[in-house]
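K.L.:
Listed below, chain by chain, are the residues.
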Amino acid sequence: MEHWFILGLIGLALALFAFEVARPDIIALGVTLTLLLSGVITIHEGFLGFSNPAVITVMGMFILSSGLVRTGVADRLAHMIARIGSGNPTILTLTVMLTVGLMSAFMNNIGAVAILLPAMFIISQQSNYPSTKLLMPLAFGSLLGGLTTLIGTPPNLLVAIALEEYGFRGFRMFDFFPTGLAVMATGALYMATIGRRLIPTRIQPANLTRRYELQDYLTEVVIPSGSPLIGKSLRESGLRQKYGLTVTRVRRKNDGNTVSLTPTPETTLRLEDQLIVEGDVSQVLQFKGTGPLQIYAAHKFTDENLTGEGAQLAEVAIAPSARILGNSINQGQIRRLYGVLVLALRRRGRTLQERFTSLPLEVGDVLLVQGTPEALEEVAKSSDFLVANRLDHAVRDPKKAPVALVIMAVSVGLAATGLLHISVAAMLGVLLMALSGCVKLDDMYYDVEWRVVFLIALMMPLGMAMDEDHIGTANWLANQVVGAAGDHGPLVVMGSILLFTMLITAVMSNAAAAVLLAPIGIAVAQGMNLQPHPFLMAIAIGASTTFLTPVGHQANVLVYGVGNYRFLDFARTGALLTLLIFIVTLLVVPAVWPFQPLRTP
Amino acid sequence: MEHWFILGLIGLALFLFALEIVRPDIVALGVTLTLLLSGLITIDEGFLGFSNPAVITVIGMFILSSGLVRTGVADQLAQMIARVGSGDPTLLTVTVMLTVGLLSAFMNNIGAVAILLPAIFIVAQQSNYPATKLLMPLSFGSLLGGLTTLIGTPPNLLVSIALEEHGFRGFRMFDFLPTGLVVMATGTVYMATIGRRLIPARRQPENLTRRYKLQNYLTEVVIPAGSPLIGKSLRDSGLRQNYGLTVTRIRRGSRENEVSFSPAPETTLREEDQLIVEGDISQLLQFKGAGPLQIYASRKFTDESLTGEGVQLAEVAIAPNANILGNSINQGQIRRLYGVLVLALRRRGRTLQERFTSLPLEVGDVLLVQGTPDALQEVARSSDFLVVNRLEHAVREPKKAPLALLIMAISVVSAATGLLHITTAAMIGVLLMALTGCVKMEDMYKDVDWRVIFLIAFMLPLGIAMDQDHTGTAGWLAQHVVNATGGYGPLVVMGSILLFATLVTEMMSNAAAAVLLAPIGIAIAQGMGLQPHPFLMAIAIGASTTFLTPVGHQSNVLVYGVGNYRFTDFPRTGALLNLLIFIVTLVIVPIIWPFQPLQAP
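These protein sequence lines map, in sequence, to chains V and G.
The numbers in our numbering rise by one with no breaks, and the one at position 291 of the first sequence is 291.
The numbers in our numbering rise by one with no breaks, and the one at position 548 of the second sequence is 548.
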C-alpha cells in the first residue's frame, strides 16, 4: 500500500529528526533520494524544491538580513535598546520583546537574537535585573515577531507559496499582521507578567574577573608533580566533596600511548593524568602554578600574557555565523588569532565525555576564555563570538546603513503593494544590495544558511509525492481527518491541525514542519469544501511556536547556552505560553480568516 | 520586436561579462530580473534554473570533489606525480597533462589545478626544468580533461540536460570519452612538442632564501634616516636604473596630514617618505636594517620571529576558495594567524597605485611572505594558501581516502551504466560522503562555489525566454543561421557554431556560454532536420577551450599569477592550440556523432 510507504517514510524521517542521527538537511536528502529511487517522483520533481519561489525568497532574505547586519542597521537598534534601562521589569520585558519582534519581522529570527544578545547584558546591569530573565523573552520574541509578516520566518513563505501552487491566492506581505500581532501581544503580555516570574533568577556576575560560580563547565585538568592527589584513589581524592568536581574521563600516558578510561571510584590517580571534569572549576582557577590540580590548557600554554598578571576571564558564546563553527577548538589557532586561552566549554548543560577540545563547536556553545584585556577586546570585536556586554560588531560599511535600509524598504514595499511577487522583490533587493556594496559579493553566499535552504528544498518532494498526481496520500489522510473530526465543525479540525503542527515542530525544524503539513492542510480544507487560508495560517503559527524545548529552534539554542538555563526551564515557562497561543490562534484566525466555502469550479 | 529585446539583453550581458565591472553571477541575476520584470517569463520559470538537474549535479560534484580533496585522494595523486621527475621535457609535460586530465575528468577543473600546483614546483626542481613550462600545461590539461566525461565540467552537463529537456536522449557518462580523448590527445601532444617551446622559460628560483629575481611585485618602501636618496629627485635617485623599481605613488607626512600623490621625475625624495613601488624587489631584501630603502612591513613589524635570523621567504598563492579572498591584507591578522609577514603582492602584471595592503585579495594573487620555517609550514597546511614550494594540504581524514574513492566510483558507475540518472547518482554520492564523514557536514556547503551555481541558474531563464513557447528567438536565430550557412552543409554550420562558442567563452564563463548556446544549437539542428547531438558536442568542446587569455577560465587565472606569466604568453601558446582543437573537433565529432535526420514525429 503506497500510502503506508509514504507514511512510513514520514515516520522514519520524524524519528531520525528527533534522535538527531544526522543533520536534518542530510535526512531530507535521504528522503528525496528514497522517493526518487522508488520511482514515486521524477528527477525533475525531486529537485524542484530548489526553484520553489519560497526557497528562493528564503535565500534572498538571508542575504538581505546580512546587508542589514553588515552595514550596522541592526546594531543601531541594539544600541538604542541598550540605553533604555528601567526599574520596571514588565516594561523592560515588553521593550525587549517588541524590539526583537520588530527586527525579526524583517530579518531572520536567529540573526535578530544574535544582534541583540549583548545588549541584554548591558540592560541587565543598568537595571540591576538578571539577564537570564531577559534572554528567554528575547528568543521567544524573535519567534513571535516572525509571525507578523510574510517574510518574517520561512514557514509563512512556505504556506503562502503552497497556496499559490494549488491555485489559491497566496498570503500577502501583511496578511500575517492581524493574527501575528494578536499572537505577539499575547506572548509579550504573558512573558512580561507571568512568564518572567517562571524563569529562574540566576544573577550574572557583573565582573567576570571576580570569583564566581562556574557551574556546569566541562574542563580538562592535569595532576601536576607534587600534587597531594597522586597515588590516591578517586574516592579518597575528595574531588567531589572538596571541589565539587565530577571526573567523567581520565586520559593517561602509558608507555607513550595515551589511553582514555572511564574512572571508577577505585581508579588511582597518577602524575600527569589528564582528567575531564564537570562542575564548578572556580576553585581550580585559584591555584596559580601549584596546587592539587591545574587547568590543562593553562598547564600547556604558559605564555606570560595568557596566564600572567592582568589576565582576565570572559565567557563568550559562539555566534550563529561564526567561521569556526563545526571546527574543534584548536588552542594554538585560537591563541594566535585572538591571544586567548580556552579553559572550558559549556554546552546545553549536557555532559560531554570526551576532551572538549576535540568537539566540533556548535551554535550556543559557551567558552570560558582567559587573556589580557586587549585580547578580550579583540575577541569581542570578532564576528565569531558574542561577548556579554559588547555591542561593537565588525560592521564594515556603517555609511551604507541608510542605503541598506532603503533597499529593504523598497523590497518590502514592492511586495506589500503587490507590484512584484515576493520572490522577485527579494531578489531585486539582493541585486541592489550587491551593486551598492551593502553586501560584499564575497560574503553574500556565505551568509546564506544553506542547511535551511537544502532542508526546505529537499523536504518538498514529500509534499509532491503526497499530492493527487502521485500517490494522493495527502487526500487520503485528509479524508481520514475529515471523517474523524469533520462532524465537529471546521474549528475542531483546525484545532487538531494546529495541535499536530505544534507537536511536530518540536521534533523537526519549523520550516520542515510547514513544508510537510501545508499540502495536508490544503487537502483537508478541500475535503471539507472550505477555503484553505485559515488552516494554513494555523499551520504557520503552529510551526513557529516552539517554546517547549531549548533545542526546538536555533534562537532558543543560542540563549540556552548563554543564559545557562536548564533544559526544563523552557518547558516551565513555555508550556503555558504554548497553551495560550493555541487558544488565541483558535479565536483570532477564524475571526480574521472566516471559514468560507470553496467556489464551485 | 521581442527578438531584438532578447538579443540586446544578451549583448548587454556579454558586454558586462567582458568588462568585468560586476561579478558574472550578479550580471546573470540582473538578466533574470529583467526578463521577469518585462513579463517574458513567469516567476516559476525565472527560478527554474535552481532545480535544473545540471545545476543540482554541479552542486553535487563540488561536494564530491571536496570529499576527494579533504580525504587526501587528490593529494596522493599529487605526491605520485611529484616523485616522477624526468630529464625528458616531453615526457614530463605529457605526465603532468594526463594526471591533471584524469583528476579533472572526475572533479572540478580548478580544484584539480590547485591540488597539483605545489607538486609542479617539486617536479620542476627535481627535473631542473622551469616550472613556468609546466604550469600552463597543467591549466590547459585540466580544461581538456574535463571534456572526457559527463561530469568533468559544467558545460557537458548543461548541454546534456538541455537535450533531455528538449525531448532528446541526453549524453551518458562516457559519451564524451571518444571526442574528449581525441581532443585531449591533440592538446597533450601539441603542448609536449610545440606548445612548451612557446612558453617563455622563466626559471623559478630553486632556493628562495638565495638572491633571485622577484619581479612584478608591488610593495611599500620607506626612506630611512641616512639614506643617500634623501634630497634627490626621483630622476636622480636611480631607483629605476639601479634597482629596477617604478615608483607609482608617494605618501608623505605624518598620519594626521598625510598627502598622497603620483610622483613626477622632478619630485624630491624626503626622509620617511613612503613609496609604493613595483618591480624587482630582490635587492631590497638584501638590506637588513640600513640601506637606501627599507620594506615598510619589515620595518613596522620588528618582532624577532618575523624578521630575525632563520626566517625564510616563500611565495604563496591565494587558494581559489580561501576565506581571506576579497578581504584586504590585514598584516596584524595574518601575523597572528600564521606568524608570517606579507612583504609584497603580485597580481596579473597590472600597475597598481594603491598600498598593496588595501587591495582586496583575488584568486591568483601571489604574496611574498617571510617567517620562520615553522610558520611557513603552518601557512602551507592552511587551506587559504597554496605554497608553491611545499606539498602539504589540510587533509582532514586521510584514513577515509579509500572510502571517498569508493563512493566516487559508485556514483560514476551507477550513472555510467545508466542505472541512475547522473543527478541522482551525484546526490547519492553526496549523501554517502556526508554520512561516512568523508565530507564534514559543516564544510559541505562551503566547498560549493555558489558563484558558479548562481551564474548558471540565472542564465538558464534566458534559454527559456528564447524557446518556442516564449519569444522563439532561438528558432528565429536558428532560421537565420540555417538560411545563411545551411546551403554549405551541416559541417559548415557546426563549424560556425563551434567558432562562435570558442569566441563567446573567452568573454563569459564556459558554463554561461553553454547555457546560452545550447538552446540555439538545438534549434539550429531542428531547423536543418538533424539530430542535435553533434552540434551540442561541438558547443561543449568550444565552451571549454579557453586558451587565448589568462582570464578566460579560473584555472588559467590561477597559474597566471603563480607562473608570473605575461598576458600575451597565453595567446602565443594557446592560439595554435585553439586552432588545432577547432580542426580536430570538426573532424572527430561528425565521425562519432554522424549527422542523422530527425525521426519524423
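No lab work stands behind these hints: they were computed from the structure.
It is possible that part of the hints are untrue.
Ranges of calculated distance between the beta carbons of each label pair, as one might list FRET restraints [what the hints assert, rightly or not]:
hint, chain 1, residue 1, chain 2, residue 2, range
1, G, Asn323, V, Leu435, 32 to 38 angstroms
2, G, Thr193, V, Glu362, 26 to 32 angstroms
3, G, Thr436, V, Thr258, 24 to 30 angstroms
4, V, Gly8, G, Asn483, 54 to 60 angstroms
Computed from a prediction, not measured in an experiment: that's the story for all the values here.
All C-beta atoms, glycine included, are put in the ideal place defined by N, C-alpha and C.
K.L.:
Does each hint fit the structure? Answer for all of them.
P.N.:
Going down the list of hints, with the structure as the test:
1. A beta carbon spacing of about 24 angstroms between G/Asn323 and V/Leu435 contradicts the range 32 to 38 angstroms that was offered as a hint.
2. Checked against the given bound of 26 to 32 angstroms, the beta carbons of G/Thr193 and V/Glu362, roughly 56 angstroms apart, lie outside it.
3. A hinted range of 24 to 30 angstroms for the beta carbons of G/Thr436 and V/Thr258 is consistent with their spacing of about 26 angstroms.
4. Between V/Gly8 and G/Asn483 the C-beta distance comes to about 59 angstroms, which sits within the given range of 54 to 60 angstroms.
In summary, the structure is inconsistent with hints 1 and 2 from the numbered list given earlier, while agreeing with the others.
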